[in-house]
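Following the hints, put chain B in place on chain A, whose structure we already have.
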Amino acid sequence: MLEAHLDCVGMIVKSITKDGFLEILNCGGLDLKMLISKEVLVLGKKPLTGFIFKNLDEKEKKLKIENLLVDVNLDEEKAKELINVGDNIVFKYNPVILKDDKISVRSLDDKASIAAIFLVLEKLKEKDLNCEILVCFSSQEETTQMGAKTATFLETPDIAISVDVSFAKTLNCKEGSIGEMNKGPLIGISPILDKNLTNKLIEIAKEKNIPFQLEIMNEKTHTNADEIATTKSGVKTVLCSIPIKNMHTPIETIKISDIKNTAELIYHFIISNKEV
Amino acid sequence: MEKTLKKLCEIDAVSSCEENLKKEIISLIPKDCEFFEDSLGNLIVKKKGTSNRKKIMLTANLDEEGLIATKINEDNTYSFLPIGELETNSIIGSIVHFKENIYGVINSKPIHLQTKKEKEEKTKIEDLYLDFGFEKKEEAENLIPIGSIFSFKGEFEKILENFYKAKAIGNRFCCLCLIEILKSSIEANVVCVFLAKEKAVSNCSKTAAYEIDPNLAVILKPHIIKNNEITKEKKKAVVAPIYDGNFRYSEKLLNLAEKIAEKNKIPFEKVVFNKKIQTAKNIASSKKGVETVLFSLPCKKYLTTEVLNLKDMKNFVKFNLEFILNLSKN
Chain A
1039 MLEAHLDCVG
1049 MIVKSITKDG
1059 FLEILNCGGL
1069 DLKMLISKEV
1079 LVLGKKPLTG
1089 FIFKNLDEKE
1099 KKLKIENLLV
1109 DVNLDEEKAK
1119 ELINVGDNIV
1129 FKYNPVILKD
1139 DKISVRSLDD
1149 KASIAAIFLV
1159 LEKLKEKDLN
1169 CEILVCFSSQ
1179 EETTQMGAKT
1189 ATFLETPDIA
1199 ISVDVSFAKT
1209 LNCKEGSIGE
1219 MNKGPLIGIS
1229 PILDKNLTNK
1239 LIEIAKEKNI
1249 PFQLEIMNEK
1259 THTNADEIAT
1269 TKSGVKTVLC
1279 SIPIKNMHTP
1289 IETIKISDIK
1299 NTAELIYHFI
1309 ISNKEV
Chain B
635 MEKTLKKLCE
645 IDAVSSCEEN
655 LKKEIISLIP
665 KDCEFFEDSL
675 GNLIVKKKGT
685 SNRKKIMLTA
695 NLDEEGLIAT
705 KINEDNTYSF
715 LPIGELETNS
725 IIGSIVHFKE
735 NIYGVINSKP
745 IHLQTKKEKE
755 EKTKIEDLYL
765 DFGFEKKEEA
775 ENLIPIGSIF
785 SFKGEFEKIL
795 ENFYKAKAIG
805 NRFCCLCLIE
815 ILKSSIEANV
825 VCVFLAKEKA
835 VSNCSKTAAY
845 EIDPNLAVIL
855 KPHIIKNNEI
865 TKEKKKAVVA
875 PIYDGNFRYS
885 EKLLNLAEKI
895 AEKNKIPFEK
905 VVFNKKIQTA
915 KNIASSKKGV
925 ETVLFSLPCK
935 KYLTTEVLNL
945 KDMKNFVKFN
955 LEFILNLSKN
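Protein sequence lines correspond, in order, to chains A and B.
Counting from 1039, one number per residue, gives the positions in the first sequence under our numbering.
Counting from 635, one number per residue, gives the positions in the second sequence under our numbering.
Read the hints as simulated data drawn from the structure, not as lab findings.
Computed from a prediction, not measured in an experiment: that's the story for all the values here.
None of the hints are false.
Below are the DSS-like pairs computed for lysine-lysine, each with C-alpha atoms no more than 25 Å apart in a straight line:
| no. | chain 1 | residue 1 | chain 2 | residue 2 |
| --- | --- | --- | --- | --- |
| 1 | B | 751 | A | 1099 |
| 2 | B | 751 | A | 1207 |
| 3 | B | 750 | A | 1100 |
| 4 | A | 1298 | A | 1244 |
| 5 | B | 935 | A | 1116 |
| 6 | B | 771 | A | 1207 |
| 7 | A | 1084 | B | 935 |
| 8 | B | 840 | B | 688 |
| 9 | A | 1052 | A | 1099 |
| 10 | A | 1187 | A | 1149 |
| 11 | B | 733 | A | 1130 |
For reference, chain A alone in the conformation it holds in the complex (with noise of 0.2 Å):
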């Protein structure tokens, strides 16, 4: 099985002031300070495109989700006619191309794996297989992994390959194991995953001479493959993340060659795996 996931972090409508602003709440982890002046899409009735401000005193230090309200422009009534409390907020789409073959825009976390899954499908097309492959984009992975756990327990595989996104060092995160961009993918290294076929991994890696890196953790892997291989009576995993800047913000950054190489790598894994 290979998974990645579909959803990316957002917002949702918790209720309708008097005056028409939005109170909302983080649909996974936020950095609230960057939330401030953000513009943003509400999936409303119709998108409705609104800006996201501080409703604090200077004074108050901490900031709370409470305190970040969004302005669609419209009154209470008007409001409450295209918009239902329970509506999603997505930041909005402004996707730009960096130099050296990189791209920035929002919810790469993780549309890079599931590009990376249909790279991989693309190159099995034509081939004999002596397995059966099983993709699964799976649902609400930021907020509870439970899309996962679902469908790895509805189709239970004998191996999972789960694709996400991890850290890529920047001068203000470099503490512990983060990768970097432009190395290939991250091997994940954790006790929740199978440590056969995390060596399989990196032979292959090395065989065909594809960059990779090592993410080493000394817990669960906070992916969903956490969840995948803990369902029924436990499915071998391994975990591919494709490095990434700026996670869950709007400019989430990653070089294109690192998605490829991701792909280059799971493809070489699957049609080696008589051999396992």
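This is chain B only, laid out in the frame that chain A set:
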């Protein structure tokens, strides 16, 4: 109006980089106007009056906030400083561009890796990095040397039926008002000053006022209001300060303005600002002193992107035209 405003909003004009905007404005003013640029970069446009010798000076600001590169770091990202007043937290995660087509993003530390303290505290500008994706230092140095100036992204867009949003739309709309005034037939001499570098230094009005030596001055500015302070009753198309914590505006002109607003049924409000307006003080204290008034239009602001209401815009243009026509008479 929409088409011209869109054009004006789509031009980048960070303080001291207003050339393209000035070119565009020159192409929009009537051919019988005289224009020149002064030594600080203000664009001054003169229109001769039809019948009297009174000289009215009008101003609008050209420029917008931006960033300036201060250092290229070891990972080929840039450190930077803001040009103009910008809230550091809002800069995180935004997109800027250099010239037309080199894009960069402001890196932030992912929420997952922030310590409790980092989550709660305001971000410092020195902890933010501008990333254009460069992998080679030489390329970065060649294409974007330090001292380069960047503008934010903020496309012009109509939202709903009655709102417009764009980067710096407030000031650009004031520029458009001046152009409309230049197009009308006015008894007095009108000198429109499109002020440069206001966000960065706010001193260019001083030299312009000295040069023009007007009898009266009218300043047009967007009035940035906090979202949560806008209520139905309070929302007025024209907001005129009586006092701004620094300077008292011309009572005579304010009274005239009130009358004109009333006559034309334009929502008008006199207020006391808590923010000093340097432009007003500069002009009013020029030479032997100039009777000065300021009209501003309500504007919501998010980093550099601003939102205007179409009805307010229409009222604002109409009011200013009527005011200048009346002012030139008596």
